[in-house]
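S.K.: The primary structure of each chain is shown beneath.
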Amino acid sequence: MEDFLRFEGITKTYGSTVAVDNVSFSIQRGEIFSLLGPSGCGKTTLLRLLAGFEAPDSGRIILDGEDITDLSPNHRKVNTVFQNYALFPHMTVRENIAYGLRVAKRPRAEIHAEVDRMLSLIQMESHAQKKPSQISGGQKQRTAIARALIMRPRVLLLDEPLAALDLKLRQRMSLELSLIHDEVGITFMYVTHDQGEAMSLSDRIAVMNNGIIEQIGTPAEIYEAPKSSFVAAFIGDTNFFDGSISEVIDSEYCRISVTDLPARLLCFNDKKLNRGDLVHLSIRPEKFQISLDPPQVGPKHNVLEATVEDIIYQGDHTRYWVDIGNDWRISLTRQHTRFMLDERPIKWKDRVYISWLADDGFMLERYSEADEELLQAPPQSVGETEVEEDSELSAASEGGTQS
Amino acid sequence: MIKKSKIPGILTWLVLLFFYLPILLLVVNSFNASRTGGNWGGFTLKWYAQLFTAREIWNALINSLLVAFFATLISTLLGTTAAIALHRYKGKLQNMHYCLVYVPLVVPEILLGISLLLFFVALQVELGLPTMIMAHVTFCVSYVAMAVLARLQDFDQALLEASRDLGANTWYTTRKVLLPIIFPGIVAGGLLAFTLSIDDFVISFFVAGPGSTTLPIQIYSMIRRGSMPLINALSSILLAVTFLIILVIQWISKNQEKKEKT
Amino acid sequence: MNLRRRQLLKEWGLTSPSLLWLCFFFLLPTLIIFAISFKPSDPLGGVGDGWTLQTILALRNPNYPEIIGRTLWMSALTTVITLVLSVPIAYHIARSKPWKRDLMLLLTVVPFWTSFLIRIFAWKAVLHPDGLLKKALVFCQLISPESLLLYRPGTVLMVMIYTELPFAILPLYAAVEKFDFGLIDAAMDLGAGKLRAYLSIFIPGIRNGLLSACLMVLIPCIGSYVIPDVVGGIDSMMIGNVIAQRTFVDRNLPHASALAAVMTIVMFLPLLYFLKGKKQEDGTATPAREVV
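Chains as they are written, first to last, in this note's numbering: chain A, 1 to 403; chain B, 1001 to 1262; chain C, 2001 to 2292.
Okay, chain A solo, but in the shape it has when bound (with noise of 0.2 Å):
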């Protein structure tokens, strides 16, 4: 398929900063795709950049074939959900929805039938003489969304829509930005920091991360194969390995002997590494089994004896942080599928037999140490030297500074 919209060595700087370094993607049409990093990375720079409020320092858009690089925003058939709305606080809602039409001098009769389409379509019939202050945050949102709807725009540029709104009502509504999507089949480029909101709703997220495209893809191959640590880091949860090829087992398989462990792990060989080929692994907590026994496993299954150190119970799932030697922490979840009260519990600082496929782990392409600053850190226990405390605390809430 044609590319429907394209980003071609797309530049902004403001000053010193750069936000969007050199960036090329393509958008299909009729996709839902989501840019989708901490803030600062340089995803609302390139939506203002589409919408037109912002312009390139180099590279140019293409939107259906036409290059919109030097278009003003009311030229441009793209139209935008604004972070808080922006609804206009003076007018109804139904003269909200209706403005661009007006805009455009389209005739009385045709914008009333166009609102009143709107108004059906976000199910605000009963609201239409409202003023954006009289009505909810949800109701805002829609508003919001049939205004932009209205002038039938080749992409919808959504900015965080949903991030004003509380967790109820953003589920319900991402649900309905679905919903609108199959209604109106028009394209949508979805900005967010949330990854569940990305996950849920698009067909292909990029992440961002300090003004370039770590990777694109659909959620899952994003989740399951990513291809840096800030991928793996910044989407779920995850540990990392890092070590060298010691042994090429066939054309699938090698092992991995792990930097300050004695382990040599098993592992699918994607990337057809060499011998003495460097190489970071990442493995997502679900992918362990934990066993208080030694676990009947396959020829294609790692085996480690380790030391439980934390547990959180979490309802569905519980959190473990087990120690496989020197000092080495894994975290893994185990989910409950079946009643937890009849078995013996595994209990803190209980030796445990942890498990995983061979295929689990997933070699990276690129690493960054800082990227570990974003894993999910144990809780702090008592006791524990000053030093590490005050790392911790440090990579806590740099993690929390930059989501």
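No wet-lab data here; the hints were simulated from the structure. Using N, Cα and C, we set each Cβ at its ideal position, and we do this for glycine too. You can take every hint at face value.
Below, a list of computed lysine to aspartate or glutamate pairs in the EDC-like style, where the Cα atoms sit at most 16 Å apart:
no., chain 1, residue 1, chain 2, residue 2
1, A, LYS227, A, GLU365
2, A, LYS272, A, GLU252
3, A, LYS77, B, GLU1161
4, A, LYS271, A, ASP250
5, A, LYS271, A, ASP359
6, B, LYS1176, B, GLU1161
7, A, LYS347, A, ASP310
8, B, LYS1090, C, GLU2011
9, A, LYS77, A, ASP64
10, A, LYS349, A, GLU305
11, B, LYS1176, A, GLU95
12, A, LYS131, B, GLU1257
13, B, LYS1092, C, GLU2011
14, A, LYS347, A, GLU309
15, A, LYS272, A, ASP359
16, B, LYS1254, C, ASP2102
If you want the ones that stay clear, here's a sample from chain A, every Cβ over 12 Å from chain B, calculated:
no., residue
17, GLY9
18, PHE25
19, GLN28
20, SER39
21, SER58
22, GLY59
23, ASP166
24, ILE245
25, LYS271
26, LYS287
27, ILE290
28, PRO295
29, VAL308
30, ARG329
Based on these hints, arrange chains B and C on the given structure of chain A.
M.R.: Showing chains B and C alone in chain A's frame:
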């Protein structure tokens, strides 16, 4: 030492009393038949009657209204554009602009008055109502700009982007989005300019020419000449008008608040 | 590039009306004050030709140091008394119940809207030798029938405080309202006495309000003209009166101009100090004499 002190409360009400006592006495005295305020000579309306036959007071009133009308009109226009520019743009030009708008607010009136007088003399402009209007615009612009700027502080810039995004050009956006929202600030600024202009004495006194006597200048010369009861009556009427205007403004803003709340 | 040029054009379009007006009618006239100080007077009451130092030298008039000193002293005294009265009032208003607070604020604001001249004239009537206050005080035998209430420095001081009080109360109120009184509790929790807590926490906390109130009272006081003129006598003349006298009585404009130049310099010192402080504090101080 201070134990839930009652002093601030008592002080506050004493000072408020201090604010209004002289004004109250003035109003009472305007109905006093005796020439001096010291003793009560019986109730009368004769001072008011005299007032209505005094031609020069009516002329002064007309001059005041004329000056105030034009000064308000021009200063509201200039002040509004100034506020929008100050709010929208940053940089060296706006820093200088802000200084020029701000400083007239703190410069003593007498300095504005004498400098404008010297300016007009140096340019050999004949003093009269036009020079008076220019002087009034000069000190009113800053007040209007501040009132509009206060309203703009709460204005969400994204609204302008939203309007542009929906296809409107700058002019349409200004007319349909920006101006309606900051309109209360413009009205407040205009009202302020009008009151300041009507009330101004010092600056007007310096730049007044023959035939451009305004009401405050008239009152001043009456104070000098010492026709006390007449000024009492005139002041009472002006005070009544002022209070009425304040009441109306209060009523409007209360209604506005209610509207915005529901 | 084209976009940036258009932006610049728009900025100038919005800025130039007020900028040019104020340059022409405010900046230029202020500069002219200094220029005309070096001009001779002409007998017709205008400004003569050529340049001279005579006007500046005439400022050596032996009466002037006294008058300038009095102006500064009266202004400083007015400012101090006004602020001392205003802080507890602002405190009281800010900590009252909403309806009471609104009422008191309204009562403080109303004098803003009523004519300045009328309020001063009202005092003249009260203090008049045949006025009510004089009669009452004589009746109570507090003063002798010969003593004067009007035309004295004390009278000028009182009326100046009377007119300036609202200008101090409002910015202070704005500052007190923003003050977090939890800090006082915290200070007392840490062992400070109530007085100490207020002096070391509250007063620094409303520093910006104090600063702008101070400026808002001090500068108009230095420029006082009407109050000493209407309720003051010979021994309460201030610079403003002399400027008016030179302008309207002697019709010696260059002389008035030189005096105005002196006043401008005197006034700009506290103003510059304030603006500097304001910039550092990120401009939270209330704009001058703003009512709405």
